[in-house]
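*Asks:* Sequence:
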Amino acid sequence: MESEEQADARLQLYAYLQPREHHRTYLAIMRLFTSTLLADLSPGEVASALAADERAGRIDPGESDVDNVLARLRQLKDWGNLVAGRRETIAASIAEFQQGSIRYQVSKLAVRVQRDVDELLRVPEGAREVSRELLPAIERGLSELGETLAAAAIRDSEAPLSNTARRARELLAERVTTLFLQHAELASTVRDFYAYLGQVLNRHHLGAQEISGFRNLLVEYIQLVVEDVLRHTPAIARRLADLAGARVELLRLLSPSEPLDETVERTRGRTHSDWQELTDWFVDRPGNPSQVTALREATTRAIGALLASVKRASTGGGLLPNRRTELIKLAGWLGQATQDEAHAIYAAAFGLYSARNLLPSPEHDGDDEHTPWADGPAIDVTVSVRGRGDRGARGRTSRIMDDPMTEQGLLAEAREADARRTAAADELAAASENLDGATLSGEALGALCELLTLAMAQREGVTEPGAATDQVRGLQLSLTPEEGRTTVIRSSAGTLTLRDTAVDIDRVTTKGAR
1 MESEEQADAR LQLYAYLQPR EHHRTYLAIM RLFTSTLLAD LSPGEVASAL AADERAGRID
61 PGESDVDNVL ARLRQLKDWG NLVAGRRETI AASIAEFQQG SIRYQVSKLA VRVQRDVDEL
121 LRVPEGAREV SRELLPAIER GLSELGETLA AAAIRDSEAP LSNTARRARE LLAERVTTLF
181 LQHAELASTV RDFYAYLGQV LNRHHLGAQE ISGFRNLLVE YIQLVVEDVL RHTPAIARRL
241 ADLAGARVEL LRLLSPSEPL DETVERTRGR THSDWQELTD WFVDRPGNPS QVTALREATT
301 RAIGALLASV KRASTGGGLL PNRRTELIKL AGWLGQATQD EAHAIYAAAF GLYSARNLLP
361 SPEHDGDDEH TPWADGPAID VTVSVRGRGD RGARGRTSRI MDDPMTEQGL LAEAREADAR
421 RTAAADELAA ASENLDGATL SGEALGALCE LLTLAMAQRE GVTEPGAATD QVRGLQLSLT
481 PEEGRTTVIR SSAGTLTLRD TAVDIDRVTT KGAR
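Just so you know, we're using full-length UniProt numbering here: the sequence shown kicks off at 1 and counts up by one.
Read the hints as simulated data drawn from the structure, not as lab findings.
Errors might be hidden in some of the hints.
What the hints assert, rightly or not - Computed beta-carbon distance windows for the label pairs: (1) SER157 to LEU17: 49 to 55 Å; (2) ALA423 to PRO61: 44 to 50 Å; (3) ARG128 to SER492: 50 to 56 Å; (4) GLU341 to VAL123: 35 to 41 Å; (5) ASP284 to LEU411: 35 to 41 Å; (6) ALA151 to ASP284: 29 to 35 Å; (7) GLN458 to PRO124: 37 to 43 Å; (8) TYR196 to ARG296: 16 to 22 Å; (9) GLU21 to GLN458: 35 to 41 Å; (10) LEU327 to PRO19: 48 to 54 Å; (11) ALA337 to PRO465: 22 to 28 Å.
Cβ coordinates follow ideal geometry from the N, Cα and C atoms, glycine included.
Sequences are here, hints too, so could you generate the full structure?
*Replies:* Next comes the structure, spelled out in structure tokens:
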């Protein structure tokens with residue numbers, strides 16, 4: 001058992017992967033050393049190889065300089081990823097001697113770390129397919145292993161040093177190695193698949209397409225996986241029980257002719273612990289359920305979680321999910337904003353703007369300037385405000401319901417309306433050079449009429465010019481009185497004629513423009 005100091009030293013092998021200064025250079029160097037077998041490189045050779053990465057922009061400029069490379073190699077050696085070697089060399093200077101005589105090789109554990117890193121970077125984000133075809137292969141392998149073990153034991157008892165006995169041992173070792181490789185691949189794919197499944201099913205919101213996809217995944221794919229596991233597990237358990245009595249003889253035949261040092265890492269299947277781990281994957285023990293049982297329980301939980309997601313999305317019967325993540329993100333924005341920006345963010349997030357009267361002005365405040373306000377129309381006031389001065393709502397407070405499907409539908413309608421309005425604005429901008437000769441669509445004519453209404457409202461008199469701006473899409477319309485000028489605007493919905501008026505449409509830059 002390794003000590004805590006040894007464990008800490010091994011964890012230093014991952015230090016070069018942290019997002020720190022020069023970490024891309026460290027990664028490029030380690031890939032260089034692990035790309036070939038028995039790589040033995042000097043700083044100068046490493047610098048020459050890194051020059052291509054520097055030209056391609058994969059590492060920072062200047063990182064292929066020999067002095068910088070020498071510093072990076074020494075740091076990797078301190079972390080334990082590289083080991084130093086020395087080779088006889090002929091040098092014309094001390095610097096050349098230092099660069100050519102000191103050579104580096106990669107350590108065994110560093111090769112494994114870099115191999116796992118490259119594999120992790122290639123893994124896609126989606127689910128990993130379970131290699132369920134390995135289950136019958138494992139069952140056949142255990143059956144053939146029993147026959148091979150019996151034959152190898154007979155050959156070894158008759159003539160231990162004969163070629164026949166040696167070939168029997170080699171065949172036995174081949175079957176054991178194949179068996180454990182197949183099981184390792186099966187266990188790895190099962191763990192990765194259920195880790196991804198749990199990650200997605202724990203989300204509060206799932207779209208309609210996601211729910212449909214996971215329903216098919218659970219009903220079809222997972223059902224096949226579980227059925228295959230349950231169908232082959234009893235036969236595999238029987239084969240393992242048959243081999244349990246002959247395990248001592250099996251390990252003896254697999255042992256090398258010469259004793260190996262304790263530090264040598266042996267191939268899987270050569271120790272009692274390896275076989276016990278394989279047995280525990282398929283067979284339950286008191287107080288130690290097998291991985292097959294865990295697989296069945298995980299499938300049950302996944303189906304329950306999916307049904308809950310479907311019910312929540314289809315009926316809207318659940319409470320609104322926790323918004324902790326969104327609130328933390330909002331707090332980060334507020335913490336980094338200036339005072340004016342913080343007020344704007346707060347108002348946009350919660351809709352708490354300054355007090356405004358959003359009611360239209362009464363008639364007596366408009367055209368009729370002679371009617372006193374006391375004689376004007378009254379505004380209805382609720383009984384609670386008029387009698388008690390209480391603005392609070394009465395009755396039981398209703399729950400805030402979460403209806404993701406309706407929410408997604410409304411968002412889709414809003415996006416579609418926004419897209420139509422943007423297309424109408426682009427059409428108006430394109431037709432601005434020849435507005436009289438263009439034929440607008442109904443959407444574009446509607447957007448034009450809105451801007452015309454706002455521009456006319458801005459004029460102080462009939463003979464004064466007016467302008468209106470669409471702050472979101474950066475479109476400005478200007479009205480200029482011009483005697484004798486007639487502007488005719490045609491569209492599929494009708495024709496608009498403006499007399500004694502010139503209309504100009506321009507693109508402008510606004511804070512809210514897209």
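*Asks:* Is it true that ALA423 and PRO61 lie within 44 to 50 Å of each other by Cβ?
*Replies:* 45 Å, holds
*Asks:* Indicate whether the distance between the beta carbons of ASP284 and LEU411 respects the range 35 to 41 Å.
*Replies:* 49 Å, violated
*Asks:* Is 37 to 43 Å right for how far apart the beta carbons of GLN458 and PRO124 are?
*Replies:* 56 Å, violated
*Asks:* Lying within 22 to 28 Å: is that true of the beta-carbon distance ALA337 to PRO465?
*Replies:* 38 Å, violated
*Asks:* For the range 35 to 41 Å, tell me whether the beta carbons of GLU341 and VAL123 fit it or not.
*Replies:* 40 Å, holds
*Asks:* Is 49 to 55 Å a correct range for the gap between the Cβ atoms of SER157 and LEU17?
*Replies:* 52 Å, holds
*Asks:* Is it true that the C-beta distance of TYR196 to ARG296 lies inside 16 to 22 Å, as the hint says?
*Replies:* Hint holds: Cβ distance 18 Å, inside 16 to 22 Å.
*Asks:* If I claimed the Cβ atoms of LEU327 and PRO19 lie 48 to 54 Å apart, would that claim hold in this structure?
*Replies:* Given range 48 to 54 Å: violated, Cβ gap about 27 Å.
*Asks:* State, for the Cβ atoms of GLU21 and GLN458, whether the hinted interval 35 to 41 Å holds or is violated.
*Replies:* 57 Å, violated
*Asks:* Quick one: are ARG128 and SER492 within 50 to 56 Å, going by C-beta?
*Replies:* 53 Å, holds
*Asks:* Return holds or violated for the Cβ distance of ALA151 and ASP284 against the range 29 to 35 Å.
*Replies:* 32 Å, holds
Checked against the numbered hints given earlier, the structure breaks hints 5, 7, 9, 10 and 11 and satisfies all the rest.
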